[in-house]
Amino acid sequence: MACPICGKPAVEKYRPFCSRRCADVDLAHWLRGDYRIPAEPVTNKDEEE
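Just so you know, we're using our numbering here: the sequence shown kicks off at 23 and counts up by one.
To be clear, the hints were calculated from the coordinates, so they are not data collected in a lab. Built from N, CA and C at the ideal position, the CB exists for glycine as well. Fair warning: there could be bad hints in the mix.
Distance ranges between label pairs, derived from CB positions [claimed, not checked]:
1) R42 to E62: 32 to 38 Å
2) C28 to R54: 14 to 20 Å
3) K67 to M23: 41 to 47 Å
4) I59 to Y36: 19 to 25 Å
5) L53 to G29: 21 to 27 Å
6) E62 to P38: 28 to 34 Å
7) R37 to E62: 29 to 35 Å
8) S41 to K67: 45 to 51 Å
9) A24 to R54: 19 to 25 Å
10) P60 to C28: 24 to 30 Å
11) R58 to K30: 22 to 28 Å
Work out the full structure: start from the sequences and follow the hints.
Given below as structure tokens:
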């Protein structure tokens, strides 16, 4: 399995990443909101009434 950040072979300790650095880079992407899960807007039915 290749590291999703740099493409090097993954290391069991940091799987699916190759190093702590790549794991931290991925975490930073999540914390900045670079990764998003698409969804429909949620409406509050109480506000519509």
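Hints, verified against the model:
no., hint, in the structure
1, R42 to E62: 32 to 38 Å, "holds (37 Å)"
2, C28 to R54: 14 to 20 Å, "holds (18 Å)"
3, K67 to M23: 41 to 47 Å, "holds (44 Å)"
4, I59 to Y36: 19 to 25 Å, "holds (23 Å)"
5, L53 to G29: 21 to 27 Å, "holds (22 Å)"
6, E62 to P38: 28 to 34 Å, "holds (29 Å)"
7, R37 to E62: 29 to 35 Å, "holds (33 Å)"
8, S41 to K67: 45 to 51 Å, "holds (47 Å)"
9, A24 to R54: 19 to 25 Å, "holds (23 Å)"
10, P60 to C28: 24 to 30 Å, "holds (26 Å)"
11, R58 to K30: 22 to 28 Å, "holds (26 Å)"
The structure shown violates none of the earlier numbered hints.
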